[in-house]
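Knowing the structure of chain L, use the given hints to seat chain C on it.
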Amino acid sequence: MKTKSNLYRKEKIYGLLYVTPPVLGFLLFTLFPVAYSFYGSFTDWDGLGQMDFIGLSNFKDLFTDELFLKASFNTIFMMIGIPIGIVLALLIALGLNRGIPGTTTFRVIYYVPVISSLAAISIMWSWAFNGDYGLVNQFLELFGIKGPNWLMNKHTVKPALIMMTVWKGLGYTMLLYLAALQSVPRSYYEAAELDGANGFAAFRHITWPMVKPVTFFIVVTNIIGGSQIFTEINIMTSTGGPEYSSASVVFYIWQKAFNNLQMGYASSMAVVLGIFIFMVTLIQFKMNEKSSLDI
Amino acid sequence: MSHSTRIKLTNTIIFIILAIGAVFMIAPLLWMLSTSIKQKLDVFALPPVWIPSHPQWGKYLEIWEAGPLLSGIQNSVIIAVSVTVVGTFSSSLAAFSFAKLRFPGKNQIFLMLLSAMMIPYPAVMIPQFMMFSKIGWIDTLLPLIVPGLFGNIIMIFFLRQYLISVPNEIIEAAKIDGSSYFRLFSAITFPLIKPAVAAQLILWFMGIWNDYLAPIIYLNSPEKMTLQLVIANFNATYAIQTDYPLIMAASVIALLPVLIIFLVFQKQIIESVAISGVKG
Chain L
1 MKTKSNLYRK EKIYGLLYVT PPVLGFLLFT LFPVAYSFYG SFTDWDGLGQ
51 MDFIGLSNFK DLFTDELFLK ASFNTIFMMI GIPIGIVLAL LIALGLNRGI
101 PGTTTFRVIY YVPVISSLAA ISIMWSWAFN GDYGLVNQFL ELFGIKGPNW
151 LMNKHTVKPA LIMMTVWKGL GYTMLLYLAA LQSVPRSYYE AAELDGANGF
201 AAFRHITWPM VKPVTFFIVV TNIIGGSQIF TEINIMTSTG GPEYSSASVV
251 FYIWQKAFNN LQMGYASSMA VVLGIFIFMV TLIQFKMNEK SSLDI
Chain C
1 MSHSTRIKLT NTIIFIILAI GAVFMIAPLL WMLSTSIKQK LDVFALPPVW
51 IPSHPQWGKY LEIWEAGPLL SGIQNSVIIA VSVTVVGTFS SSLAAFSFAK
101 LRFPGKNQIF LMLLSAMMIP YPAVMIPQFM MFSKIGWIDT LLPLIVPGLF
151 GNIIMIFFLR QYLISVPNEI IEAAKIDGSS YFRLFSAITF PLIKPAVAAQ
201 LILWFMGIWN DYLAPIIYLN SPEKMTLQLV IANFNATYAI QTDYPLIMAA
251 SVIALLPVLI IFLVFQKQII ESVAISGVKG
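Going down the list, the protein sequences come from chains L and C.
Quick note on numbering: the UniProt record's numbering labels position 164 of the first sequence as 164, and the sequence is numbered without any gaps.
Quick note on numbering: the UniProt record's numbering labels position 1 of the second sequence as 1, and the sequence is numbered without any gaps.
Okay, chain L solo, but in the shape it has when bound:
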């Protein structure tokens, strides 16, 4: 009896010891900064010294700040790429799930943009979107279409960025769908076939409901990722695009904090963004509660 309780005491100590690094990391690099961000958002912090409490003033300014509203609108607008990507990725995954030759090669080719450096990809695409010599316009010319100077035009800069983000993320979404499709029992389709269901009915009543949790996961993670879009904007449109038409929220936060040293104001934006993402994630956790986490 004595050895057993001794064993447990030791286990307690080692158990706690082994989780100390991530707990410490969490306190130092997440919890403390979050609390500080929150506090900072109520001050006129310039990043040098003085932090005067100014109440909700930053937040009030935020909602009349034309640039912030524009950046928020742009960020949300660019999420149009999410449904486009989902439809394309599901179609590709359905195709690849039929066991046609070259499946592995296709999987790799579609996935390569995902692992590629976003900075390098952004540079490549800004060249591809060049009005005179860009790959995109040269392609359009094959159909007799004279393409615009994509990144220099306030109407085309967002579609251009959407095109690129869809291209970049397609492989990831495709992969998740492929994994989900492979876990659908074949017997379901066999039963449907016996009942005389055609391909589309089988898709509607079996495939789509079965991949629904993955679709949900993709939507949520894409919203979280999309709300933090920065690198593409910073490299492809270093000023935030014509008339600030491609600036994102994080781009604006970054400008305010590190170029204008308006740390307090930038913090209030970061808090708004943080709350938005927190809520989106919370919905995901809630929806997933039954199916996955067994804590």
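Please keep in mind that the hints were generated in silico from the structure rather than gathered at the bench.
Treat the hints with care, as some may be off.
[Unchecked claim] Computed list of lysine to any residue pairs in SDA-like fashion (alpha-carbon distance at most 25 Å, straight line):
id, chain 1, residue 1, chain 2, residue 2
1, L, K158, C, W31
2, L, K146, C, G21
3, C, K106, L, F32
Showing chain C alone in chain L's frame:
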């Protein structure tokens, strides 16, 4: 038409569509490669030249002189290797503890760590920046290294889930035999989860290698910059001078390491991504 010929026909059509799609996916990258070995005249040729008549590999020599590319690679390697090696150790040890040891408050602590996954980097970057600037770490690699050493929540979460499926009996038996806890981890658990650890480590490495936002905040001097910042600066400088072959050559260099890692470990990476996504 019989059933099997109809399936064959459908599959052929799908194959063709997927192949066209694949061309669209890979064409921009091939174009990047092709531009990097083009002569000035070919760069602006209409219609585009895909295979230059006289490939010029000279830009791949020139880029090493044109900017701090070598130090960029060095800095990226230093950050990515130190973070992933030490961070993977602390993450897998913590995952082992969460999955296999009993201690008070275990689930609460785990949930607390999980909550960190909900907090995006932009929400903490300003105070983190102020913190590191107070201790004089701005324009050093330390802000990019130190936080990672404490472990990665996603990796802990993933490895914990993986470990739960490892039977407890082996571990209980070793405990009774009086094996130390660290030996339990290093000799028994770790070898079992090695493939999962490897896949997560590679994904993490790629994430750090490709990171842009954190480095751009902390690093100012050219010789301190990571590879991604160096090539972004190439772009800013040479795009105006329209030396696209040079920029594309630098971009190819930035892509190459992760591309090679991916092609080598393709199977593990794809499996790991698929599992983590489907389990959500």
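Hints, verified against the model:
About 23 Å separates the Cα atoms of K158 of chain L and W31 of chain C, which keeps this hinted pair within 25 Å; it holds. A hinted pair counts as satisfied when its Cα atoms are at most 25 Å apart, and K146 of chain L with G21 of chain C qualifies at roughly 23 Å. Between K106 of chain C and F32 of chain L the alpha-carbon distance is near 21 Å, which keeps this suggested pair within the 25 Å criterion.
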